[in-house]
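Q: Chains as they are written, first to last, in my numbering: chain A, 940 to 1277; chain B, 940 to 1277.
Hints are computed from structural coordinates only; laboratory data are not their basis.
Careful: at least some of the hints might be erroneous.
[To be verified] If the Cβ cut is set under 10 Å, some of the chain B residues that face chain A in the computed set are:
hint, residue
1, Asp997
2, Asp1080
3, Phe1083
4, Leu1227
Where a beta carbon is used, it is the ideal one built from N, C-alpha and C, also for glycine.
Protein chains: 2
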Amino acid sequence: MVDTLKDKSIQLSHGGGGKEMNKLIRDLFFAEFDNPILRSEEDAAKLDLHGANAFTTDSFTVSPLFFAGGDIGKLAIAGTVNDLAMMGAEPQYLSCSVIIEEGFSIKDLTTIVRSMAKELKQSGARIVCGDTKVVPKGCADGLFINTSGIGRILRPNISAANVTVGDAIIVSRDIGCHGAAILMAREGLTLESALQSDCATLWPIVEQLIAANIPIHAMRDATRGGLSAVLNEWAIASNVGITVNEASIPVSDEVKGLCELYGFEAMDLANEGTFILAVPNDIALGALEIMQRFGHCEHAAIIGTVSDELVGKVVLRTPWNTKRYLDLPQGELLPRIC
Amino acid sequence: MVDTLKDKSIQLSHGGGGKEMNKLIRDLFFAEFDNPILRSEEDAAKLDLHGANAFTTDSFTVSPLFFAGGDIGKLAIAGTVNDLAMMGAEPQYLSCSVIIEEGFSIKDLTTIVRSMAKELKQSGARIVCGDTKVVPKGCADGLFINTSGIGRILRPNISAANVTVGDAIIVSRDIGCHGAAILMAREGLTLESALQSDCATLWPIVEQLIAANIPIHAMRDATRGGLSAVLNEWAIASNVGITVNEASIPVSDEVKGLCELYGFEAMDLANEGTFILAVPNDIALGALEIMQRFGHCEHAAIIGTVSDELVGKVVLRTPWNTKRYLDLPQGELLPRIC
C-alpha cells in the first residue's frame, strides 16, 4: 500500500532510477499488480509461450482522466485486452508503462492503478512488466499510460480480410457511448440520464462465442473512428460491399441528443466496449442470443449484410429507404478520447 | 514515403482514427518499418512463439529529441532491444506507440522513424504493431515513444539474483556518456572533444558472448541510476557483497569534466549502450577479450569482485585505498534522459 505516499505528489525523483523510484514501484505498482512474474524484477518478464500469439500496443491519453463509466486506468486495461480478444486471443500478459507529469497527485495515481488491477480481473490477464517516467510540469498533461499485451490465439482465422459474402453484421450494443461520455465530461454537461462510457473488457463474452463454436469471420472493437471506421476497413480488406440498416443500429436517446447538439454522427463516435462481428447469416441469430445473455450486450443487434455489390463500400440504408455511402471519418473528431 | 506530408506538421486529425491517421500510418510507419506481420493491419500482430520468451516495455521521453550520438528513435529501439538482450534473449518483435504533440514537424518525425528503422537492423528485430495518438498543443512535449518487445530466451539463467561469490564484475565501456551528452545538449554546451551518447544496440555483442558459451551469471544495461543502481540491485537480489575498484572504472575525461562542473557522479549517470556483467572470475579475461574485439567495447574492463562480506552492499575502493559505500542514487538526477 502507499500510505506513506498519500497526500503527496509525484516528484521528478520518482522517475530518476534511484531510491524514490524503487519505492514508488514497489509500494504502488507491485503492490496492486502483484504476481510472481512481475516480482522477479528483471529487465524483462520471462514468459513460457507456445504457438500462435497475438501482440498489441496502445497508448492512452484520454482527457479528462476520470469520466462517467471509467477512468484512464480501466480504459488502458480494457483497451489492450480487447485488442487481443478481437483476434480470438485469450489475454494473458500485459505491460504497463506510465508517463507522469511532475506534481501529479499520488492519490489519483493510486485510484487509477487500483482501477487497472480491478479491470484485470475481468479477463485474468496479468501485468508482468512496466516502466515509470516522470516529466517536468508542463511537459505532459497529468498521466499517459501505455499497455502492450500478449494473448494465446484460440481462433486463428478471425481477420478483417475474412468478411464473406452472405455474412451478417452484428453490433454488440448501442454505439457512441464512450465518445459521448468524454464529450459530456469535457463540456461540463450533466444530463439527467445516466449516460456512461461503454468502457468494458470484452473477453468474457468473446470467450463464450468461441466456446459455442460460432464461426466468427471478423471481429473488431469500434474504438476511434467508431462503427464507420470498422466497416470501411472490412469492406476494403475483404473486397466486399457492406449494407447497413440505419434503423437497426442501436443508439441511446442520450447519444442521439448529444450528436444533434454537437453535429457528430453516432457511427463515427468512439466506443471502448462495443464490438462488431461478421458471421455467416444462418449463425447470426444464435450468436445474437449468446451475446444478449450478457449484461453488457442486451441491445446487441444484427445491423447489416455483406454482398458482392459496391465492393469496398459501406452503404447506409436510411429509415426513409434512401441510400448513402457511409464514409471513413475524416477531419478533427474528438481528440484524446482514448 | 511521405513526400506529400513533408513541410507539414501533425494535426489532431492524424490521431482521429479516420482518413488522415490511416494515411500517416501507411505513408510513414508502414513504409519505414515494412514487414509482412505489420502489414496485416489487424488489431494485433500474429506471432508464432515457442518456449521461454522475454517481454519488456519502455516509454521514452528524452529531451532534447536529438542529441550527440542519437535521437529518441534510436534510443527507443536500442533501449527495448537491450532490455531483451540483457535477459539473454534474441530480440524479435517490437511494438511502436507514439504520442505526438499537435504541430510537431512531420520532417522531424520522419527523421526519427527512419532512425528507428536503421537501428532495428542492428539486431534484426521487427516492429509488428503500433499505435498513434495526437494530443493538443501544450499537452505533451513534442514526441513520446513507447516500445515494447518480445525475444526468444537463449540463456535462461541470467538473473540479478544469480551473482555469485567469486564472480568478476565487468563493464563494457567507459560510463556516463549518455547522461553527459544529454546534459551537454540541454545546457547548450559544445565541447571541443566529440562527447557522444553511448546509445547503441547491444545484441550483437551479447550474441557473441552467448555463442562463446560464456557462463553469464548476471547482465544489465546501466540506464537510469547508472552503474550504482545496477550494482546495488545485484548486491541485494543476490545477497552478496560487491567491491569495485574506482581506478578500474573507465570514465572519459569529458565525462569527468562535466561531472566536476555539475556535481554529478559518473557512476550515477545514465548509459544507453553500456552493460555490466557478472561472470566467474576464471572466465573474466576470456569474456573481456571477446568484448574488446567490438568497436563499442574497446574500453571494457574488469572493475570489481563479488564476496560474501558486507552482503547487500557495494563498496568502492578509491585510488587512495580508502573505502566507501556506493549507494543507490537518490534525489533529483537528470530528468528526461531516456
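Q: Against each hint, give a clear statement of whether it holds in the structure.
A: Hint by hint, here is what the structure shows:
{"no.": "1", "hint": "Asp997", "verdict": "5 Å, holds"}
{"no.": "2", "hint": "Asp1080", "verdict": "4 Å, holds"}
{"no.": "3", "hint": "Phe1083", "verdict": "6 Å, holds"}
{"no.": "4", "hint": "Leu1227", "verdict": "22 Å, violated"}
When each numbered hint is compared with the structure, a violation occurs for hint 4 only.
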